[in-house]
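Visitor: Residues per chain are reported as follows:
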Amino acid sequence: MSRATLFDKVWDLHTVGTLASGQTQLFIGLHLIHEVTSPQAFAMLRERSLGVLYPGRTVATVDHIVPTQSQQRPFADTLAEQMIRALEDNCAEFGIRFYNIGSGSQGIVHVIAPEQGLTQPGMTIACGDSHTATHGAFGAIAFGIGTSQVRDVLATQTLALDKLKVRRIEMNGSLCPGVFAKDVILHIIRKLGVKAGVGYAYEFAGSTFEAMNMEERMTVCNMAIEGGARCGYINPDAVTYAYLKGRDFAPQGADWERAVAWWENLRSDPDAQYDDTIHFDAAEIAPTVTWGITPGQGIAVDETVPWPEELPGEDRPLAEEAYRYMDLAPGVPIVGTKVDVCFIGSCTNGRLSDLREAAKLARGRHVAPGVKAFVVPGSERVKQQAEAEGLHAVFLEAGFEWREPGCSMCLAMNPDRLEGRQLSASSSNRNFKGRQGSARGRTLLMSPAMVVAAAVQGHITDVRTLLEATP
Amino acid sequence: MSRIVSITGRAVPLPGDDIDTDRIIPARYLRCLTFDGLGEAVFADDRHQSGGEHPFDAAHHQGASLLLAGCNFGCGSSREHAPQALAKWGIRAIVAESFAEIFFGNCVAIGLPCATARPEHLQQLHTAVAMHPHRLLTLDLEALAVHLHEARLPVLMPTGAQQMFLSGTWDATGQLLAGLAAIRAIAGRLPYGSPPCAPLGKGG
Numbered sequence: 075m076s077r078a079t080l081f082d083k084v085w086d087l088h089t090v091g092t093l094a095s096g097q098t099q100l101f102i103g104l105h106l107i108h109e110v111t112s113p114q115a116f117a118m119l120r121e122r123s124l125g126v127l128y129p130g131r132t133v134a135t136v137d138h139i140v141p142t143q144s145q146q147r148p149f150a151d152t153l154a155e156q157m158i159r160a161l162e163d164n165c166a167e168f169g170i171r172f173y174n175i176g177s178g179s180q181g182i183v184h185v186i187a188p189e190q191g192l193t194q195p196g197m198t199i200a201c202g203d204s205h206t207a208t209h210g211a212f213g214a215i216a217f218g219i220g221t222s223q224v225r226d227v228l229a230t231q232t233l234a235l236d237k238l239k240v241r242r243i244e245m246n247g248s249l250c251p252g253v254f255a256k257d258v259i260l261h262i263i264r265k266l267g268v269k270a271g272v273g274y275a276y277e278f279a280g281s282t283f284e285a286m287n288m289e290e291r292m293t294v295c296n297m298a299i300e301g302g303a304r305c306g307y308i309n310p311d312a313v314t315y316a317y318l319k320g321r322d323f324a325p326q327g328a329d330w331e332r333a334v335a336w337w338e339n340l341r342s343d344p345d346a347q348y349d350d351t352i353h354f355d356a357a358e359i360a361p362t363v364t365w366g367i368t369p370g371q372g373i374a375v376d377e378t379v380p381w382p383e384e385l386p387g388e389d390r391p392l393a394e395e396a397y398r399y400m401d402l403a404p405g406v407p408i409v410g411t412k413v414d415v416c417f418i419g420s421c422t423n424g425r426l427s428d429l430r431e432a433a434k435l436a437r438g439r440h441v442a443p444g445v446k447a448f449v450v451p452g453s454e455r456v457k458q459q460a461e462a463e464g465l466h467a468v469f470l471e472a473g474f475e476w477r478e479p480g481c482s483m484c485l486a487m488n489p490d491r492l493e494g495r496q497l498s499a500s501s502s503n504r505n506f507k508g509r510q511g512s513a514r515g516r517t518l519l520m521s522p523a524m525v526v527a528a529a530v531q532g533h534i535t536d537v538r539t540l541l542e543a544t545p
Numbered sequence: 069m070s071r072i073v074s075i076t077g078r079a080v081p082l083p084g085d086d087i088d089t090d091r092i093i094p095a096r097y098l099r100c101l102t103f104d105g106l107g108e109a110v111f112a113d114d115r116h117q118s119g120g121e122h123p124f125d126a127a128h129h130q131g132a133s134l135l136l137a138g139c140n141f142g143c144g145s146s147r148e149h150a151p152q153a154l155a156k157w158g159i160r161a162i163v164a165e166s167f168a169e170i171f172f173g174n175c176v177a178i179g180l181p182c183a184t185a186r187p188e189h190l191q192q193l194h195t196a197v198a199m200h201p202h203r204l205l206t207l208d209l210e211a212l213a214v215h216l217h218e219a220r221l222p223v224l225m226p227t228g229a230q231q232m233f234l235s236g237t238w239d240a241t242g243q244l245l246a247g248l249a250a251i252r253a254i255a256g257r258l259p260y261g262s263p264p265c266a267p268l269g270k271g272g
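Residue numbers (this note's numbering), protein chains in the order written: chain A, 75 to 545; chain B, 69 to 272.
Because the hints were derived from the structure by calculation, they are not lab data.
Predicted, not measured: the structure shown is a model, and the values here were computed from it.
Beta carbons are placed, not taken as given, at the ideal position from N, Cα and C, and that holds for glycine.
Any given hint could be a false lead.
Computed footprint of chain B on chain A, listed as stretches where at least three residues anywhere in the stretch have a Cβ under 8 Å from a Cβ of chain B [as the list claims (entries may be wrong)]:
1) 80–90
2) 121–134
3) 497–508
Output of the computed footprint for chain A on chain B, the stretches with three or more beta carbons under 8 Å from beta carbons of chain A [what the hints assert, rightly or not]:
4) 154–164
5) 179–193
Take a look, some chain A residues computed to stay more than 12 Å from chain B by CB distance [to be verified]:
6) 247
7) 271
8) 311
9) 343
10) 345
11) 357
12) 360
13) 373
14) 397
15) 430
16) 431
17) 445
18) 459
19) 470
20) 514
21) 533
Hey, can you work out the whole structure from these sequences and the hints?
Guide: Put into structure tokens, the structure is as follows:
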């Protein structure tokens, strides 16, 4: 039989042909768009008098620029208002389904597509956003593209691409208490580095990922790009099917049975050939937190900021830059670092299970004086369900703000941003210089539970110490 | 569609590895409907913080068209605003030790060649530019080399990208549309439908 990975099978199924350049022309089954990277693409279509070839295969929402406090229109930010209007007009003109604010289904693009069952195994999915890798959790091949490529997908439903190699990242064993999917991916990136994945798709395999629910798998695949891999995926299984069944766009009846049979065949063959394989042991992972200015600069929460001598030579200049920017000295424990802002949300950790886990820790505790802490649900549906479960009341009682859905302070294209030198404990995905809206702002990445621990203590805290004492 | 065979100009060196797209163009400048004004905002925060010492502000680098960068240049987000901002500033080609993948693809799509060079060769270029910032460099895409005075330093570029520049097909839309019949055939053959409209098995 075949000795193919899921990546090979999905790639072959969607291959339209080989271009003169030698690149593959790949069909994109599902195209997701948002307000930031699409307006220029529609403008290019108009300039060239091109239409949208398969409008039904593109789905839009608005997420990056939406305010998370008052969402009243017009937005106070006139640029943001222009951007949402452009998306509304473009979707209306080209017949594209658009989940606008108030539709009940708006939210971060990588949250809404899975929760509606748009994201399914075996698809190729593209979106003008690097965290499109998220959708790989379902066994889809999903990756971020730029605006000119958004234009190409709109006009032709295809892209010109070089095929990626596949690296199997196998992790076995159970996670220790207080260790979450976010810690798993931060650990992997810490160990492999931020550029190891260039040229690769990451297949996350082994009992640790098999034991994860779909939302945890999405957290892992979401940050494949932070490890340099344009896409990451997990082979579909019973957990995937149970999540999908009954969702808005999931196949129904006899179609469902046919789909599951197809999905089962998509899984990487037991003797599939990989370009590389790396093994990890889940039991070795501790709650992990970044201390620097790339997602690869991470340490276990009970470790100290590394000395340059402990790092490979090539990593030292960046470490020196990070000490200066973060104002964190080598040899100093990361626990105890004072925080100003605590953010729970984003396409990495703004889903219901993240909020449940955070609320569990926040219940009966209170945000420390002087700390601003806020929770931003990933979508209108997440918000509605969280409120139905009373999670918002837990957060509000504990002194967290409860906001409207959007990307919020992950990248601060909206009013949510750091000020000056503020330091944030953040459940998002990037700790780049200036990422959270202040050119001098500082970000420490961690799991939502660790963010709650930091919020209630006022400084970076090992969440395991709170778990032992959870009321 | 224009063929891109070589780029000649002065170079601006940018030291450091892992320069991410948020640094190339901070997110707040993405609140726009066109790429037109992005050139002025390229490296906005880095430039502001360096108090005029940033290479993109140095008088002798104004008008430069080649960028020399380090490892993993352009990592982070998929925003095409990053290469667009560099291009609007005047950059027409980039030579670095390595590039992040989405950034590289975005550069190809807008006709901005990115070539990789060995660290020692990049160092040679950095040194030469530091000593003689007005000296002209040529990135030769046919020979895959940087010509610097008498020296000829080898660079690498994936064959697909190289061919797209040399043949003038880096703007892929036309080529992709030429396969319309094959596109429709694949769409009809997929085991899943057009998600929001058609049930499974109907394709298209």
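Visitor: Should the label of residue 430 (chain A) as a non-interface residue stand, given a Cβ cut-off of 12 Å to chain B?
Guide: With a cut-off of 12 Å, residue 430 (chain A) remains clear of chain B, as the shortest Cβ separation is near 28 Å.
Visitor: Over 12 Å from every CB of chain B: does residue 470 (chain A) meet that, or does the non-interface label fail?
Guide: holds, 29 Å
Visitor: Would the least Cβ to Cβ distance between residue 357 (chain A) and chain B come out above 12 Å?
Guide: For residue 357 (chain A), whose nearest Cβ neighbour in chain B is about 30 Å away, the distance exceeds 12 Å, so it holds.
Visitor: Could you check that no beta carbon of chain B comes within 12 Å of the beta carbon of residue 247 (chain A)?
Guide: Correct as stated: the minimum Cβ-Cβ distance to chain B is 30 Å, above 12 Å.
Visitor: Per the stated criterion, does the least C-beta distance between residue 345 (chain A) and chain B lie above 12 Å, as a non-interface residue requires?
Guide: holds, 24 Å
Visitor: Report holds or violated for chain B covering the segment 121–134 of chain A, Cβ cut-off 8 Å, minimum 3 residues.
Guide: As far as the segment 121–134 of chain A goes, the hint holds, because 7 residues have Cβ atoms under 8 Å from chain B.
Visitor: Against chain B, does residue 533 (chain A) keep a CB gap of more than 12 Å to every residue?
Guide: holds, 26 Å
Visitor: Does the segment 179–193 of chain B contain three or more residues whose Cβ lies closer than 8 Å to a Cβ of chain A?
Guide: violated (count 0)
Visitor: Just double-check residue 271 (chain A) for me: nearest Cβ-Cβ distance to chain B has to come out over 12 Å.
Guide: violated, 8 Å
Visitor: Using a Cβ cutoff of 8 Å, are there at least 3 residues of the segment 497–508 of chain A near chain B, or does the coverage claim fail?
Guide: holds (count 4)
Visitor: Over 12 Å from every CB of chain B: does residue 360 (chain A) meet that, or does the non-interface label fail?
Guide: At about 24 Å from chain B, residue 360 (chain A) clears the 12 Å cut-off, so the statement holds.
Visitor: Check the non-interface label on residue 514 (chain A): least C-beta distance to chain B beyond 12 Å or not.
Guide: violated, 8 Å
Hint check: violations occur at hints 4, 5, 7 and 20; the rest are consistent with the structure.
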